[in-house]
Amino acid sequence: MRSNYSFWIAIGFLCFYTFTICDSVLAAEKNRDTALIYVTSSNQPTIDVLALQDMLENFTSVDVLSIEDVNEQMLQSYKRLVVMNNYPTRIPPNALSAINQFSGSAILIGENAFQFAPFSKWKEGPIVELRAIGGEVLNNPIKWKSVIPSGDFDIVERATSLNKTYPFILKKNNWSFIGDFINKDTMQYQWPAIMGELLQIAKPQTHPAFIVLSDINMKTDMQKLKKLVLEFSAKKLPIALEVTPIVVDESDKRSYYLHENKKLLSYLQKLQKEGYVFILSSSNSTEKNLEYLVLRKIYPTISQGDSFLFTSSIQQDSQQLFMTQSEDNHTIYPITAGSMADIETYSFYPVKQKINLLLKVPSSIIGIQYPAYFNASYVQEIAAYLSEHPQIELLNLRQTKQQVISKNVSIKQHENGEQTIQLAFTKIERLKILFDERPFEIILWALVLIVSLFVTLFFISTLRLRITLRKRLFEERKTNG
Amino acid sequence: MANTLFFISLFLIWIMLLYHMFLMEGGYLHFRTFEKPIDDWAKKMDKVPSVSVFIPAHNEALVIEQTLRAMSRLYYPKDQLEVIVINDNSSDETGAIAARYAEKFPFIRVIETVEPNKGKGKSSALNSALADSTGDIVVVYDADNTPERMAVWYLVMGLMNDSKAAATVGKFRVINAAETWLTRFINIETICFQWMAQGGRWKWFKVATIPGTNFAIRRTVLEQLGGWDVKALAEDTELTIRVYNLGYHIRFFPKAITWEQEPETLKVWWKQRTRWARGNQYVVLKFLSQFFTLKRKSIMFDLFYFFFTYFLFFFGVILSNALFIINLFYDIGLTVGDIALVLWVLAFLLFLGEVMITLSIEKTEMNRKNFFYVILMYFTYSQMWIVLVVWSLLLEIKRMFTGQEVQWYKTERFSKQSDKGAE
Numbered sequence: 001m002r003s004n005y006s007f008w009i010a011i012g013f014l015c016f017y018t019f020t021i022c023d024s025v026l027a028a029e030k031n032r033d034t035a036l037i038y039v040t041s042s043n044q045p046t047i048d049v050l051a052l053q054d055m056l057e058n059f060t061s062v063d064v065l066s067i068e069d070v071n072e073q074m075l076q077s078y079k080r081l082v083v084m085n086n087y088p089t090r091i092p093p094n095a096l097s098a099i100n101q102f103s104g105s106a107i108l109i110g111e112n113a114f115q116f117a118p119f120s121k122w123k124e125g126p127i128v129e130l131r132a133i134g135g136e137v138l139n140n141p142i143k144w145k146s147v148i149p150s151g152d153f154d155i156v157e158r159a160t161s162l163n164k165t166y167p168f169i170l171k172k173n174n175w176s177f178i179g180d181f182i183n184k185d186t187m188q189y190q191w192p193a194i195m196g197e198l199l200q201i202a203k204p205q206t207h208p209a210f211i212v213l214s215d216i217n218m219k220t221d222m223q224k225l226k227k228l229v230l231e232f233s234a235k236k237l238p239i240a241l242e243v244t245p246i247v248v249d250e251s252d253k254r255s256y257y258l259h260e261n262k263k264l265l266s267y268l269q270k271l272q273k274e275g276y277v278f279i280l281s282s283s284n285s286t287e288k289n290l291e292y293l294v295l296r297k298i299y300p301t302i303s304q305g306d307s308f309l310f311t312s313s314i315q316q317d318s319q320q321l322f323m324t325q326s327e328d329n330h331t332i333y334p335i336t337a338g339s340m341a342d343i344e345t346y347s348f349y350p351v352k353q354k355i356n357l358l359l360k361v362p363s364s365i366i367g368i369q370y371p372a373y374f375n376a377s378y379v380q381e382i383a384a385y386l387s388e389h390p391q392i393e394l395l396n397l398r399q400t401k402q403q404v405i406s407k408n409v410s411i412k413q414h415e416n417g418e419q420t421i422q423l424a425f426t427k428i429e430r431l432k433i434l435f436d437e438r439p440f441e442i443i444l445w446a447l448v449l450i451v452s453l454f455v456t457l458f459f460i461s462t463l464r465l466r467i468t469l470r471k472r473l474f475e476e477r478k479t480n481g
Numbered sequence: 001m002a003n004t005l006f007f008i009s010l011f012l013i014w015i016m017l018l019y020h021m022f023l024m025e026g027g028y029l030h031f032r033t034f035e036k037p038i039d040d041w042a043k044k045m046d047k048v049p050s051v052s053v054f055i056p057a058h059n060e061a062l063v064i065e066q067t068l069r070a071m072s073r074l075y076y077p078k079d080q081l082e083v084i085v086i087n088d089n090s091s092d093e094t095g096a097i098a099a100r101y102a103e104k105f106p107f108i109r110v111i112e113t114v115e116p117n118k119g120k121g122k123s124s125a126l127n128s129a130l131a132d133s134t135g136d137i138v139v140v141y142d143a144d145n146t147p148e149r150m151a152v153w154y155l156v157m158g159l160m161n162d163s164k165a166a167a168t169v170g171k172f173r174v175i176n177a178a179e180t181w182l183t184r185f186i187n188i189e190t191i192c193f194q195w196m197a198q199g200g201r202w203k204w205f206k207v208a209t210i211p212g213t214n215f216a217i218r219r220t221v222l223e224q225l226g227g228w229d230v231k232a233l234a235e236d237t238e239l240t241i242r243v244y245n246l247g248y249h250i251r252f253f254p255k256a257i258t259w260e261q262e263p264e265t266l267k268v269w270w271k272q273r274t275r276w277a278r279g280n281q282y283v284v285l286k287f288l289s290q291f292f293t294l295k296r297k298s299i300m301f302d303l304f305y306f307f308f309t310y311f312l313f314f315f316g317v318i319l320s321n322a323l324f325i326i327n328l329f330y331d332i333g334l335t336v337g338d339i340a341l342v343l344w345v346l347a348f349l350l351f352l353g354e355v356m357i358t359l360s361i362e363k364t365e366m367n368r369k370n371f372f373y374v375i376l377m378y379f380t381y382s383q384m385w386i387v388l389v390v391w392s393l394l395l396e397i398k399r400m401f402t403g404q405e406v407q408w409y410k411t412e413r414f415s416k417q418s419d420k421g422a423e
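Chains as they are written, first to last, in the working numbering: chain A, 1 to 481; chain B, 1 to 423.
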């Protein structure tokens with residue numbers, strides 16, 4: 001694998017050049033060149049099949065096919081082939097024949113290998129408990145039906161039980177074999193590179209990265225946030241701010257609104273003007289939260305979690321390793337490196353470990369979550385780490401194309417960083433929103449209106465009295481008696 | 001928590017301010033209409049009832065002469081008028097001065113209080129006079145009052161033309177307004193009180209409070225009520241409640257005018273107003289505890305008004321001030337926006353508007369000097385009231401727990417007056 005490194009670099013530069021400079025290139029390379037064929041008991045794709053599809057789709061276009069639907073003619077249009085066997089069964093003859101005749105790069109995973117021509121000389125081995133694959137140790141042993149390959153295959157990777165090793169990934173000419181698709185523990189960071197190599201797909205060299213200052217809500221200490229933002233700014237690290245405008249406290253069912261922290265709201269408005277990116281996090285209605293923010297002149301362009309209102313979202317706790325773009329142009333930025341605050345001491349360590357793993361995954365995205373309540377001392381460490389890894393390229397999300405559209409809000413962010421805002425709230429809608437958020441204050445404003453009318457009336461009456469009272473109505477006097 | 005407390009304070013303050021705003025509008029409307037029926041009412045004054053004017057006096061030598069001089073000039077048939085000076089244990093020249101006038105004017109006489117009523121305060125003195133008089137109508141003046149010539153006539157006119165009225169109250173003005181900054185404030189305060197609280201309540205609810213002076217009440221009603229409550233420090237408010245409880249009302253008729261002297265020093269003001277505040281607190285607690293036994297529930301509304309004024313409103317103001325001051329030094333999480341500031345400014349403008357309209361009604365009072373006094377008053381005199389009410393409440397609570405007997409404080413009079421030597 002290492003011997004082909006230079007080749008990969010060259011191919012990578014050619015094929016994924018655009019990937020390194022912007023975030024919307026993935027779809028451009030898709031030309032439907034890989035067929036992912038699954039063999040499952042239900043004849044439906046399993047989680048592993050879908051995970052493999054997601055992974056491959058980051059490098060190439062993928063069609064997912066059931067083994068039952070495969071025929072010779074169908075496979076002729078593909079350059080690459082992956083057969084995922086989750087279930088021991090007899091392969092339909094048509095499919096078997098078509099696959100056997102496939103001349104492009106092909107991988108066969110799991111069961112049923114012996115039915116295919118390239119592996120017909122292989123023999124079944126004992127069922128063993130695997131504890132490691134290559135250098136990656138599995139957290140829990142996995143039972144696997146080992147194989148005894150013919151001698152003409154090269155062993156690419158071995159798997160290890162307690163005291164023995166077994167050929168696990170093998171290759172001969174255009175055909176490769178993978179013992180099992182174990183997409184867990186640290187193995188999930190290995191597969192993209194392995195698959196890319198076996199299928200001869202170019203391996204990009206850069207990793208897009210982004211940092212999200214999360215957990216910004218009414219309870220956030222403005223001074224602490226300001227310190228953090230200034231620290232990132234001093235290190236020239238672009239950040240996005242994830243704001244939760246309305247927090248519902250489950251204990252007392254009370255809603256806490258961002259405007260209740262006036263200093264924070266004012267500071268966030270200042271950051272909006274300075275060109276920072278805002279991510280909307282909402283525990284209840286996304287639309288309501290969006291409208292709340294835009295009415296306060298903060299315009300989020302990305303949502304935290306899926307939302308049909310936004311063209312982009314960030315995702316936490318996602319298994320994804322890549323920035324993905326679906327067919328409806330919805331882009332997902334996964335927080336792949338985790339949160340800085342997961343442990344109390346030396347908090348950057350687990351994040352750094354994750355990034356190290358991610359760097360093994362070609363073109364994987366590095367998403368770091370930095371909670372706003374966290375101290376700023378780790379910014380320096382992040383900056384130092386990033387400077388040591390030039391393949392990590394920080395995304396300035398303000399310079400990406402984003403769109404947010406709801407009934408009353410339209411935000412278009414252009415690649416030059418400009419935002420086009422259109423709001424369609426009627427006055428009644430604005431009033432209703434304000435009343436929902438701050439009923440007492442609205443009542444008080446109504447009071448202000450009424451009292452103002454009376455005060456005006458009193459001043460007019462005073463004026464009228466001064467003009468009309470020509471004679472003294474009362475017998476004023478300066479003496480008594 | 002801080003927000004909740006702030007909203008509570010806002011509610012307590014603004015419920016009162018709104019009510020006063022409403023009353024002010026009523027007072028203004030009353031001003032525009034109250035004189036219209038006078039010509040018709042005058043027709044019933046062919047045969048007027050007998051009137052007894054009570055002037056309780058305890059060491060009033062400084063002022064009693066001018067008072068009696070004014071009494072001697074009252075426009076009322078003298079055969080139907082008796083003016084009774086109740087000399088209540090005076091140690092000065094009050095009795096002698098009154099006696100001189102009694103000799104000169106047959107309708108003026110002097111009575112001395114005797115035990116057990118002697119030196120027990122205004123209520124006891126009035127009860128003494130009630131027992132020693134015969135007039136169908138009783139009119140009360142404080143010893144420092146100089147009623148205008150037509151004052152008693154108009155008070156009686158009000159009663160003659162309103163069978164449901166047990167009493168008529170007139171308007172009082174401050175005679176020493178120009179003496180000190182304090183008397184200027186009091187002058188503005190009294191004008192405002194009468195047009196807003198008296199005029200407004202009368203216009204909207206047919207309710208007015210007996211002010212302690214310059215009022216006429218039917219003897220039959222007084223006898224039915226058993227006279228004045230000797231325990232009450234604010235005997236006038238207490239009497240008001242009992243009158244309404246009988247089913248009568250009290251008419252506010254500002255055509256009847258008297259002039260009275262107000263405290264010129266803070267010390268006297270403090271003692272006088274403490275008595276008033278304590279007296280009103282006593283009345284509120286007394287009658288609210290009898291809520292279910294009061295026959296006329298309509299008066300409850302007025303009692304609640306007093307309750308709000310002397311308890312809740314001031315609590316709201318203190319709470320609001322406390323939150324404001326604490327918030328200056330410590331972030332207590334107050335999230336109320338600019339509206340708080342707007343309301344504060346508006347409260348000030350409302351105060352200004354209300355006071356200016358009442359001063360304009362009095363015509364000559366709405367001048368540049370008083371305008372600046374009104375502004376100053378908001379930040380000084382009005383704030384002094386807060387401290388005073390709290391202090392009065394503490395004294396009243398102490399009295400309730402210790403069973404201490406109420407001490408009547410007689411307001412000190414001042415000899416240096418702008419009109420001294422006039423006429």
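It is worth saying that the hints were derived from the structure and are not from the lab. The reader is advised that the hints may include incorrect statements.
Claimed, not checked - Estimated spans, in silico, between C-beta atoms of each pair:
| # | chain 1 | residue 1 | chain 2 | residue 2 | range |
| --- | --- | --- | --- | --- | --- |
| 1 | B | ILE325 | A | PHE425 | 36 to 42 Å |
| 2 | B | PHE11 | A | SER387 | 54 to 60 Å |
| 3 | B | PHE11 | A | ASN396 | 47 to 53 Å |
| 4 | B | ILE325 | A | SER251 | 29 to 35 Å |
| 5 | B | PHE11 | A | LYS288 | 25 to 31 Å |
| 6 | B | PHE11 | A | ILE460 | 49 to 55 Å |
| 7 | B | ILE325 | A | ILE450 | 44 to 50 Å |
| 8 | A | SER251 | B | ASP331 | 48 to 54 Å |
Note that the Cβ used here is the ideal one computed from N, Cα and C, for glycine as well.
Results of checking the hints against the structure:
For the pair ILE325(B) and PHE425(A), the beta carbons lie near 39 Å from each other, so the given range of 36 to 42 Å is met. Between PHE11(B) and SER387(A) the Cβ separation comes to about 59 Å, which falls inside the hinted range of 54 to 60 Å. For PHE11(B) and ASN396(A), the Cβ-Cβ distance of about 50 Å falls inside the hinted range of 47 to 53 Å, so the restraint holds. A C-beta distance of roughly 31 Å is found between ILE325(B) and SER251(A), which places it inside the suggested range of 29 to 35 Å.
Roughly 28 Å separates the CB atoms of PHE11(B) and LYS288(A), a value that falls within the hinted 25 to 31 Å. Distance hint check: the CB atoms of PHE11(B) and ILE460(A) are about 29 Å apart, inconsistent with the given range 49 to 55 Å. Here the CB-CB span from ILE325(B) to ILE450(A) is close to 29 Å, at odds with the stated 44 to 50 Å. Here the CB-CB span from SER251(A) to ASP331(B) is close to 22 Å, at odds with the stated 48 to 54 Å.
Of the numbered hints listed earlier, those contradicted by the structure are 6, 7 and 8.
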